[in-house]
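Peer 1: Here is how the chains run, residue by residue.
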Amino acid sequence: MSTQMVTANRLTDGMVVYLTEGNDWATQFTAGAVLADKTGAEAAMAEADRAAGQQKIIGPYLIDVLVEGGSVKPTSTRERIRADRKPTITADVGSWTGRIGD
Amino acid sequence: MYRYDEFDATFVRERVKQFTGQVERRLAGEITEEQFRPLRLQNGLYLQLHAYMLRIAVPYGTLSSRQMRKLGFIARRFDRGFGHFTTRQNIQFNWPQLDEVPAILEHLAEVEMHAIQTSGNCIRNVTADHYAGVAVDEIEDPRVYAEIIRQWSTLHPEFAFLPRKFKIAVTGASSDRAAVRVHDIGLRMLKNEAGEAGFEVWVGGGLGRTPIVGTPIKSFVPKQHLLSYLEAVLRTYNQLGRRDNLYKARIKILVNATGAAEFGRLVEEEWQSIKDSALTLPAEEIERIRQYFALPDYESLPDWTPEFEASRKANPEFARWVQSNVKPHRAAGYAIVDISLKPEGGAPGDASADQMDIVADLADEYSFGEVRVSHHQNLVLPHVRKQDLFALWQRLSGAKLATANIGFITDIIACPGLDYCNLANARAIPVAQRIGRLFSDQKRLAEIGDLRLNISGCINACGHHHVAHIGILGVDKHGEEFYQVTLGGSSRDDASIGKIVGPSFSTEDIAGAVETIVNTYLAARTAESERFIDTYRRIGIDPFKEALYGNSQARRPAAE
Numbered sequence: 011m012s013t014q015m016v017t018a019n020r021l022t023d024g025m026v027v028y029l030t031e032g033n034d035w036a037t038q039f040t041a042g043a044v045l046a047d048k049t050g051a052e053a054a055m056a057e058a059d060r061a062a063g064q065q066k067i068i069g070p071y072l073i074d075v076l077v078e079g080g081s082v083k084p085t086s087t088r089e090r091i092r093a094d095r096k097p098t099i100t101a102d103v104g105s106w107t108g109r110i111g112d
Numbered sequence: 021m022y023r024y025d026e027f028d029a030t031f032v033r034e035r036v037k038q039f040t041g042q043v044e045r046r047l048a049g050e051i052t053e054e055q056f057r058p059l060r061l062q063n064g065l066y067l068q069l070h071a072y073m074l075r076i077a078v079p080y081g082t083l084s085s086r087q088m089r090k091l092g093f094i095a096r097r098f099d100r101g102f103g104h105f106t107t108r109q110n111i112q113f114n115w116p117q118l119d120e121v122p123a124i125l126e127h128l129a130e131v132e133m134h135a136i137q138t139s140g141n142c143i144r145n146v147t148a149d150h151y152a153g154v155a156v157d158e159i160e161d162p163r164v165y166a167e168i169i170r171q172w173s174t175l176h177p178e179f180a181f182l183p184r185k186f187k188i189a190v191t192g193a194s195s196d197r198a199a200v201r202v203h204d205i206g207l208r209m210l211k212n213e214a215g216e217a218g219f220e221v222w223v224g225g226g227l228g229r230t231p232i233v234g235t236p237i238k239s240f241v242p243k244q245h246l247l248s249y250l251e252a253v254l255r256t257y258n259q260l261g262r263r264d265n266l267y268k269a270r271i272k273i274l275v276n277a278t279g280a281a282e283f284g285r286l287v288e289e290e291w292q293s294i295k296d297s298a299l300t301l302p303a304e305e306i307e308r309i310r311q312y313f314a315l316p317d318y319e320s321l322p323d324w325t326p327e328f329e330a331s332r333k334a335n336p337e338f339a340r341w342v343q344s345n346v347k348p349h350r351a352a353g354y355a356i357v358d359i360s361l362k363p364e365g366g367a368p369g370d371a372s373a374d375q376m377d378i379v380a381d382l383a384d385e386y387s388f389g390e391v392r393v394s395h396h397q398n399l400v401l402p403h404v405r406k407q408d409l410f411a412l413w414q415r416l417s418g419a420k421l422a423t424a425n426i427g428f429i430t431d432i433i434a435c436p437g438l439d440y441c442n443l444a445n446a447r448a449i450p451v452a453q454r455i456g457r458l459f460s461d462q463k464r465l466a467e468i469g470d471l472r473l474n475i476s477g478c479i480n481a482c483g484h485h486h487v488a489h490i491g492i493l494g495v496d497k498h499g500e501e502f503y504q505v506t507l508g509g510s511s512r513d514d515a516s517i518g519k520i521v522g523p524s525f526s527t528e529d530i531a532g533a534v535e536t537i538v539n540t541y542l543a544a545r546t547a548e549s550e551r552f553i554d555t556y557r558r559i560g561i562d563p564f565k566e567a568l569y570g571n572s573q574a575r576r577p578a579a580e
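Those sequence lines, one after another, are chains A and B. One gets this note's numbering by counting positions in the first sequence from 1 and adding 10 to each. One gets this note's numbering by counting positions in the second sequence from 1 and adding 20 to each.
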C-alpha cells in the first residue's frame, strides 16, 4: 500500500482540510497525518466519517502521498493544487488569500 | 430589459427563504450531505476543488448596470474580489462560504437575479445571441422568446428531473452567434414564404464526450406554437431518453439512436396532440414581453461621425481596437462594443470587482445602462454612440479592459480546468496564458486574423474545444498533463466538430505546437482574406500533421 493521507472539504466554507494526528482538521497539508498502512488508513477514514456525521467536513477520501527526505507531498497534480489551496496561476484580478475587503 | 412581475419576485424571494432554511438545517445536522446535495445544486451551489462555487444565472446574457454593480459587490463582500463569466453567459464565484450563500441570494434577489436552473437535470438558463436587439442581420430580438422559454421552463413540473441537463439557445439573426447547432435544442429565427417569422428547430447537438452537430427536425414553427413544439420535444426526450447511463442520457444520444427523421416524427405526433392547447402563445403576450426589450431612445444621428473617424486616423492603437472590438449597430451613429476579458496573461472570462463596477459605470454613461455577457466569455456594451467610442476606449484602457483581440487566436474560451474544477484532468488557464503571451504582438494577431482557439481541461468540454478552429483538450496520462489538439471545428453556421491531429503534447510543447499550426496556415493560405478555417477545409489535416510530426526535426510528439 502506498503512503496516504485523509482529505476533505470543510462544511461551512468548503476549504480543503487534512486529518491530523490529533484527529483534528487542518487547512495546512503539512499538518496532515501520514498513514503508512491499511489499518491506519481504515482508522483514519472511520474518524473522517465520524467528522462528516458531526457536520465538520464533507466528502472525505484517501490520497496518495510521497514521503521523501523528511518532506511529504501529494503524488497527483490535482492533489498538489488542492494542497496549495489556490490555483497555479497568479492572481491578476482578486486575491487567492482571502477577501479583498468590504 | 425584462423586469420581474409580482410572480417572479415572489417566487425568487420564496426560493431564497426555502434555501436559507435548507442551509440552516444542513449546518445543524438535520439533513445529511446526501440529502442536501441536490438541494444546493438546484440553487447553483457546487463543491469544487478548493471551495464551494456559486453559479448565477444571467438570462440570455443581459445585465443591467445595477445588476453588474451588485455582482461586483458580491465579489468584494463575499468572494475574493473577482468572478468568472462562463460560456453559458452566466457568472461563477469561486470562493463563497456555505453559511453566507443565503445572504448572497438575498442580495441577488434585490436586483432580480438568482442561481436557479444553473445546475441539475433541468432546462438550464437559456442563452441567446449577445448582440440581440442591435445586430444588423437580425429578424427579431431572440430575447423575447428566450424570456418566454424561461417563464415556461422555470420549475416546469414535468421537466424538473430530465434524464440529463438540457440547454436551449436562440438566435434571431441570419448569422449564428449563439452556437445553436451544438445545443440540445437550437432555435434559429427565419421567415417563411409568407414573410412570417418563426423558428427552425435543431435538436441533438452537443459537445462533451460525444460531440455532435445537431439536426434540423422542423423547418418552421410559427411563433405562437413555439412552446407547444418545445414541450413536444422535451416530452419525447423525457420519455425515451436513457436514464441507465449518465454518459448516454443527453438528447443527442437519443436522436442518434432513434434517427433524426424518426425522432422528428415522434415529436410531430406529440405536437399535433398538444399544438392548440393552453401553450399557444397569444400575440398580445408576445407583444407584452417584447415591450420589455424595446430598444432605448436613440438620438437621431448621422452614421458618418467625423470626430470618431478623426480619432481613428490619429491613433493606430484605437483604430486596431475598433477593427476587432467594435461591430456595426442597427441604429445610425451607434456601435456595439465588445469588451475583451482576455488580456495578455489573464484568466479568460475573469473580471475583478473593480472592473465590474467600471463596466457598470461605463454602461450607464455610454450604453443606456445595459451590458451583455457573450458565450465567448467577454462582455458587450450594446448601444454606444460612435462619437463616444474614443472616450470609452480610453476609460476601458485604464481598467485593462481594452484588449483588442475579439475573434483572434488570443480570444480564447477556456474552462476553469484543474486550477478550480473537481472534474478536470488538466489545467486550461495556464495554457491559455502561455498561448496569449506567444501571440501578444498586435500586428501579428491582425495578420493571422479570424482564428478561434478553445481549451477544455477534460472531456466534458466546457471549454468548447470541439468547435474551435484549433481545439485543445487536457488529458491525464499517468498523473501528467498532456494536451490533445483538434483542428477544423466551428460553432457558427458552418458548424463542425474538430478532428484530432495526432498524439498529444506535453505542457511544455503545447504552445509551440499551436505556433507550428498557425505558421502552417500562414504559409498555405492563398490570401490574407482566407481564414484559418477556410484554409484548413481546403487543404485538409495532412499538412498540419506533417508540420507537427512529419520528420525527425519536427516537434517531437509525446507518447500517445
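Please note that a few of the clues may not be correct.
Here's a subset of chain B near chain A, in silico, CB distances under 10 Å, partners left out [stated by the list, open to error]:
no., residue
1, Arg86
2, Arg263
3, Asn265
4, Ala269
5, Lys420
6, Pro450
If you're looking for bench data, these hints aren't it; they were derived computationally from the structure. Computed from a predicted model, the values in this text were never measured in an experiment. Each residue gets a CB set at the ideal place from its N, CA and C atoms; glycine is no exception.
Peer 1: The structure should be examined with respect to each hint, and the outcome stated for every one.
Peer 2: Against the structure, the hints come out as follows:
1. Arg86: Violated, about 19 Å.
2. Arg263: Result: violated, 25 Å to nearest chain A Cβ.
3. Asn265: violated (24 Å)
4. Ala269: Violated. Min distance 23 Å.
5. Lys420: holds (8 Å)
6. Pro450: holds (6 Å)
Violated hints for the displayed structure, listed by number in ascending order: 1, 2, 3 and 4.
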